[in-house]
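K.L.:
Single-letter residue listing:
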Amino acid sequence: MINYASREINCKIVYYGPGLGGKTTNLEHVYEKVSPSTRGKLISLATETERTLFFDFLPVDLGQIRGFRTRFHLYTVPGQVYYNASRKLILRGVDGVVFVADSQADRAEANVEAMQNLYDNLAEHGYDLTRLPFVVQYNKRDLPDAAPLDELEAALNPGWEVTDPERMRPADNPFRPGEPLVEQLPTGEWWERAPAFEAVASGGAGVFDTLKAVSKLVVRAIG
Amino acid sequence: MPPGAARWTFTEHDARAVTASLQQLLRESHARCALLVDRAGQLVVTVGEAPAHAGFDATAFASLTAADYAANDQLARLLGERDFATLFHQGERESMFLADVARRVILVVLFDTRTTLGLVRLKLRAAVDELTAHFEAMFAPDDAGLPAFLADAASAPTARAVPAAPEAPLLAGAEDEIDRLFA
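Chains as they are written, first to last, in our numbering: chain E, 1 to 223; chain G, 1 to 183.
Hints listed in this document are in silico derivations from the structure and should not be mistaken for laboratory results.
All C-beta atoms, glycine included, are put in the ideal place defined by N, C-alpha and C.
Among these hints, one or two may not hold up.
What the hints assert, rightly or not - To list a few chain G residues with every Cβ distance to chain E over 12 Å, as calculated:
hint, residue
1, His30
2, Gly48
3, Glu81
4, Ala85
5, Arg121
6, Asp129
7, Glu130
8, Pro141
Claimed, not checked - Chain E regions said to be covered by chain G (calculated; three or more residues, Cβ under 8 Å):
hint, segment
9, 45-57
10, 177-189
Claimed, not checked - Selected chain G positions facing chain E (Cβ under 8 Å, derived; list incomplete):
hint, residue
11, Asp14
12, Asp38
13, Asp83
14, Glu175
Starting from the given sequences, assemble the full structure and let the hints guide the process.
P.N.:
See below:
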C-alpha cells in the first residue's frame, strides 16, 4: 500500500515452503543481523514446540526513499499442511514471495506439494505467481543428503512460458551474471525462471542474498 | 500497478475524509483511539491518543489485528456465516472493538473505563457506514474498469493530493539502500 497521507510505502514479503524447511530461521537471522534501529520486534505465533502456528512477522525499515518511509514487512507461513487455512490468510496483499525449499532428498515430495499449494492459494486470492516478484531459496545445502541443484531446479523451478509480448526479450539473471532468466527456446517459445539461491539459513549463508533479490524485485514492480 | 499484486493508494484527500469520521466517533463515544488497518496488516491511519502502554508497537499491532480478523472471518465461515461484522476483546483496563469496513479495512477502536461497550458499539455504527461509503467509492471501478483511487491519481493529481508523476520512479535509489541495509 502506498500511503500518500503518511508518506509511507509498506511492502509485504511472504516466506513460503514445506515444514521445517527454514522459513523462520531466515527471519531469525535477519532479526539478529540487521541493526535494531532499522527493524521492529520479531513476532512469532508458534506452538509450544516452536512450530509456526499462524505466522512470524518482522518489519524492516529501509529509511526514506524520495520522501517516502519505506518498509518491508516479512512474514512466514506455517509449513505444515494442517495449517493451510492460516497459510492462505497470510498471502492476502502479498507483494513478493520467497519459496524456501528443503534440499534434503527425502523432502522432495514435500517441496513439490508446498509449491503446488502456493500456486493454488495465490490463485484463490486472484494472484498469479508467475507475475509476482518471486525468488526460490534452496536451503540446507550443507547437509550430506542434499539433492543436486539441477534436480531441485527441474522439480521446483522449471519455469513458465512468457505470454506478455513486452517481456519477450532476453534477460539476464541480475543476481547471477551470465545466467539467463528469460530466454527463447529452440522451439521459439519464450521461457522465464525465478531467480534461485543456495542457502544454509542456520548459519546465515544465502539469507541476505535471497532477501536482497526479492526486495529489489518488489521495488522494481512498484516503480 | 503491476499485474498479480493487489496494490492500492491512500491519498491525503482520503486521510482528511476518514480522519473527520474517526474524530467524530472518538468525540461521541469517549473512546481513546481509533485505527484503520488494511486487510493485509498495514496501518492506514491513527486518530486519538495512542495506548498508554509503554512502547506500543503500532506496526506489530496492525499486523496482528489483520491476522485476528482474518482468522475470525474463517471461523465465521465454518459456522455458515459470511463473516463476523464486529469483534470485541475485553481487558481489565483497555478494551478493543473491531469492525469491518467495506471488506477492505478494519476499524479498531481502543477504549478504557471512561466509556462503555454499549456507547462505543452504538456510535460505531454511523462511523462504519460513513467509512464504508468512502472506501467503496475509492475502490469502485470507473468507466475504464480502474478503481477510483487509480483513475483519480492518473487524471486529477491535485484534486486528491497525489503528487504529479515523478520524473524518476517512485522508489528510485531504493536498490542502493537495500544493498546497504542487507549487506
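K.L.:
If a hint holds in the structure, say so; if it doesn't, say that too.
P.N.:
Cross-check of the supplied hints:
no., hint, result
1, His30, "holds (26 Å)"
2, Gly48, "holds (15 Å)"
3, Glu81, "holds (16 Å)"
4, Ala85, "holds (18 Å)"
5, Arg121, "holds (26 Å)"
6, Asp129, "holds (22 Å)"
7, Glu130, "holds (17 Å)"
8, Pro141, "holds (15 Å)"
9, 45-57, "holds (count 4)"
10, 177-189, "violated (count 0)"
11, Asp14, "holds (7 Å)"
12, Asp38, "holds (6 Å)"
13, Asp83, "violated (13 Å)"
14, Glu175, "holds (5 Å)"
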